[in-house]
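S.K.: The primary structure of each chain is shown beneath.
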Amino acid sequence: MATTLAPPPRHVSPPQTARRRIRRLSRRRPGKLTYLMLTAIAFFSFFPLYWSVVVASQDNSALGKIPPPVLLGGNLWFNLKRAFTMVPFEKALINSFLVAGAITLSVVLFSTLAGFAFAKLRFRGRNILLLSIIGTMMVPTTLGIIPLYMLMAKIQWTGTIYAVIVPAMVNGFGVFFMTQYLSEAVPTELLEAGRVDGCSTIRLFWHVVLPAARPAAAVLGMLTFLTAWNDFFWPLVVLTPEDPTVQVVLSTLSAGRITDYSLALTGALIAILPLLVVFVVLGKQIIGGIMQGAVKG
Amino acid sequence: MRRFTAVVPIAIAAMLATAACGSDDGDNQAADDGPVSLTVATFGEFGYKELYEEYMKLHPNVKITERITKTEDHHKNLAAHLATNTGAADIEALEEGWIGQFTAQPSKFVDLTEYGANDIKAQWPEWKWNVGSSKDGKVIGLGTDAGGMAMCYRTDLFQKAGLPTDRAEVSKLWPTWEQYIETGKKFEAAKVPGAHFFDGPTVMYRSILGQAPVGLYDGDNVVVDSNPDVKKAFDLSAQAVTSGLSARAEAWTPAWNAGFAKGTFATLACPSWMMAYIQTQAKDASGKWDIADVPGGGGNWGGSWLTVPKQGKHTKAAYELAKWLTAPEQEVKVFQKYGNFPSTVTLYDDPAIKDFVNPYFNNAPVGQIFSKSVTTMKPQYLGPKAGDINTQIINGLTRIEQGKQTPDQSWAQVLTDVKALL
Amino acid sequence: MTQLATEERVGPRRGLLHRLDVKGSPYLYIAPFFILFLGFGVFPLIFTAWVSLHEWSLLSEEHTWIGFGNYTKLFDDPAFWNALWNTVSIWVISTVPQLLLALVLAHILNQRLRGQTFWRMSALIPNITSVAAVAIIFSQLFGRDYGLFNWVLGLFGVDKIDWTANTWSSHVAVSTMIIWRWTGYNALIYLAAMQAVPKELYDSASLDGASSFQQLRKITVPAIRPTIIFTVIISTIGGMQVLAEPLLFGGNGLTGGSDRQFQTLALYLYEVAFGRFDFGYASASSWVMFLIIVVVAAINFGITSRLRRS
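Protein chains in written order, with this note's numbering: chain Y, 1 to 297; chain G, 1 to 422; chain D, 1 to 310.
No lab work stands behind these hints: they were computed from the structure.
There's no promise every hint is true.
Unchecked claim - Below are the EDC-like pairs computed for lysine to aspartate or glutamate, each with C-alpha atoms no more than 20 Å apart in a straight line:
| id | chain 1 | residue 1 | chain 2 | residue 2 |
| --- | --- | --- | --- | --- |
| 1 | G | Lys385 | D | Glu61 |
| 2 | G | Lys135 | D | Glu61 |
| 3 | G | Lys262 | G | Asp156 |
| 4 | G | Lys262 | Y | Glu242 |
| 5 | G | Lys313 | G | Glu66 |
| 6 | G | Lys49 | Y | Glu242 |
| 7 | G | Lys191 | D | Asp145 |
Stated by the list, open to error - Covered by chain Y, according to a simulated footprint, are these stretches of chain D (three or more residues, beta-carbon under 8 Å):
| id | segment |
| --- | --- |
| 8 | 15–27 |
| 9 | 119–130 |
| 10 | 217–231 |
Each residue gets a CB set at the ideal place from its N, CA and C atoms; glycine is no exception.
Generate the whole structure from the sequences, applying the supplied hints.
M.R.: Here is the structure:
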């Protein structure tokens, strides 16, 4: 296990004068080729999403056409209205926001705490505990829903969003991710210095670890929010369409024997708009170089 | 830390001990006149929304909540809720493809004969009633809609191939499936550009098998290897494929969807609900599709039942609602508004169905065509694993179609695959 | 070991409170995970282990004890082993390119770009696109008669490929879907790790005339090694549990093709549990699958850490 907790590479800072010169040099923005590549990647990433908008703006016959339509039709507003009248979308959006928000806050906080402990603190049984956390990720979750449902029925949480939130408040992914990130990002010397000054562990966490964890916390937050938002397997079993999350109402929208794709994909579009907002907010948090000033400067 | 670790395992042990014992049986026989809240879980367009309103007006003490989910999700959830004895709706719908597994394990459902279901038995054809019952005669489901079976065909492609286009004459081309294949060979010989005779073997196989008195099961035994009718259904479908009649458009794929408008296949065995599908997929092909009889007489694909899980609080009230929803007066309303073809045979003389024609299909008298296929369909016991076994056999036909195996190789593998299921 | 060896430095005189902080706080920090896992994770594990020793249908009241019967049946079940090989094959074809691409993409995204947030966000777009739309688009792309890929191959004189029919081609198609959906996800993980690499290192390297690619290899990769190990382990675990992509590619069919040619372990498990409702057998498969994942992840970890040393 020692290998995952490798010491940070000891960096040699370039001499002061040279550094100032390169600052200017590295400010040079990436060339046209980079943007060309990024545009190509973005095209491939966005195309299915764009195409969902196309289908959502048509009626269901659009899918039977050869070649399939690639331009927007005029039915989007009509489909949106249909989606909102057929299912309690407002309620579902609020529920999903509560669920994904609570899970994200909790996962990021607990993962950073645990990651800090595993990466930087010494305690008995550390390696075996970390390994067991990683091990929990390897359990296939498909079957777990039956016993978990029994459990929820016992504590009378079925049909409530607690049943979706609480079991997801921590996960091995987050802890392992933060452990690996923090073992690299927080210089041990800095923590030792803090200790010598008499800082308690929680103060070290607050003043040193948490700021350094920002880029990783932002990414972990995005990925956790996304996973929680998109989770349908468990919510479909434990929640009811009367008090649903977004994924539950999406199942209702595509319920017909003949799937009405224009309706189903309209629903899917409504469902991802809040995700985009979260991405923009968190995406701005991925900023590096916070530690550089504190440690090296 | 120590305190937590001590408490949690005890809680878990307690749950382990109680979870296996199932839930307490509450008072199932709540008074009928007290306030009753019923949940009905369906998957798709049962067309019951207005009926719920009507029922609540008739019975002011009853409050109905509807739950609609995707078909796969619905059955998966139901299995989970039955297994844990909690969470199921008061009325749960079941689809034809799934019901065999549930009738094989009827203990989680109310035997509706206890509430007098036998009195209304005459509403349905015998096969529909049987499929909703367990082998020992427990009735768990009341039939809602049925698929029936007909043969949809393209008049324009038939004309190009020099075949008759009038639906009476077309029906005469194929009283049997052998003659259907012969017609197909004639069609292929005419080399209509870009078109083949039929879409693929899946529906053909299911239709032929459905017309046999004994299918995959004979009583408790799976007779795939010994029942000549199963082999016949397989062989005929395989023969149609090896004769080059197939457009190789697998059902529900984009190529298949596009095929309706494009005319890549000239015939398609079609249950009643397929009409709406063709109409949406090929909006502009109105008048090009027509409907004739299916070879071999009767048939059915699809349709559902309403069941009452035992775990419900008001099983009697739930039965009353299910009985009301499946009664002829209600089913005819659903048919008129949503087009779901009723399985209620007593309705088939009703002008709403007898005189029903579909303008998209050249005014074909589809009410009569589908009634005929539903009423002439013989009862056949499906068996608990019918769905899985059919998947194996259809996979076998697909392997032939994909050129991976000869019919003999494929059948040999089907037999081992089916054996592995049991 | 780089963990804080506080005791030696500070000495025992700091008082009880300090000792308690140093000795006890790590446990406090990791406690939430274990409390919740004990509350909601352990019971399902024990329960499925118990179920796996029974003949246990989801729809039945009776559960017959059969000891290890499900397990012995599993070892003779060709469909299970077939699913295992498919899983490994798809995992290899998808994971290696996926992680390499993600690394390169993260490197590009780590530059000072105009519209940075936009580019970073677009990395996650495939992951949030409705699976229904993804399924339709990919079956269009891999269509036999009108598919885009066959059309392009046709320009080079390659015969039409029936993508779903063959083992290798279906694995390639499923892997393509996986790569498309998950590359950006991994790229963001790398991108986060790259934020902790001091910018000065790149500055001095470009002063020495190192190309962008050399910087990636010589500076970035060594510096974010723990995160690379993380993604390798995670993709191993994720890859062994691939379910959505083969399910979508097969048009929601549970057998993964006419000859189970692209049925993965997770899909097989799903078929047994929710197609046949055979909870006992599914539980046994689930446990064997868990053990296989542990072994594969351990091997992978061994290889990755050895690479590190060399």
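S.K.: Hint by hint, note whether the structure agrees.
M.R.: Going down the list of hints, with the structure as the test:
1. Using a Cα cut-off of 20 Å, the hinted pair G/Lys385 and D/Glu61 holds, with the two alpha carbons roughly 18 Å apart.
2. At most 20 Å may separate the alpha-carbon atoms for a hinted pair to count; G/Lys135 and D/Glu61 meet this at roughly 17 Å.
3. Of the pairs offered as hints, the one joining G/Lys262 and G/Asp156 holds, with about 12 Å between alpha carbons and a cut-off of 20 Å not exceeded.
4. For a cut-off of 20 Å, the pair hint linking G/Lys262 to Y/Glu242 is broken: about 42 Å separates their Cα positions.
5. Taking the CA atoms of G/Lys313 and G/Glu66, the gap is about 16 Å. The hint holds against a cut of 20 Å.
6. Restraint check for G/Lys49 and Y/Glu242: the C-alpha separation of about 15 Å stays at or below 20 Å, so the hint holds.
7. About 18 Å separates the Cα atoms of G/Lys191 and D/Asp145, which keeps this hinted pair within 20 Å; it holds.
8. A count of 7 residues in the segment 15–27 of chain D with a Cβ less than 8 Å from any Cβ of chain Y is obtained; the coverage claim is therefore met, three being the minimum.
9. As drawn, the segment 119–130 of chain D meets chain Y at 12 residues by the rule of a beta-carbon pair under 8 Å; at three or more, the given contact holds.
10. Coverage of a stretch by a chain is defined here by at least three residues with a beta carbon nearer than 8 Å to that chain's beta carbons; for the segment 217–231 of chain D and chain Y the count is 8, and the condition holds.
When each numbered hint is compared with the structure, a violation occurs for hint 4 only.
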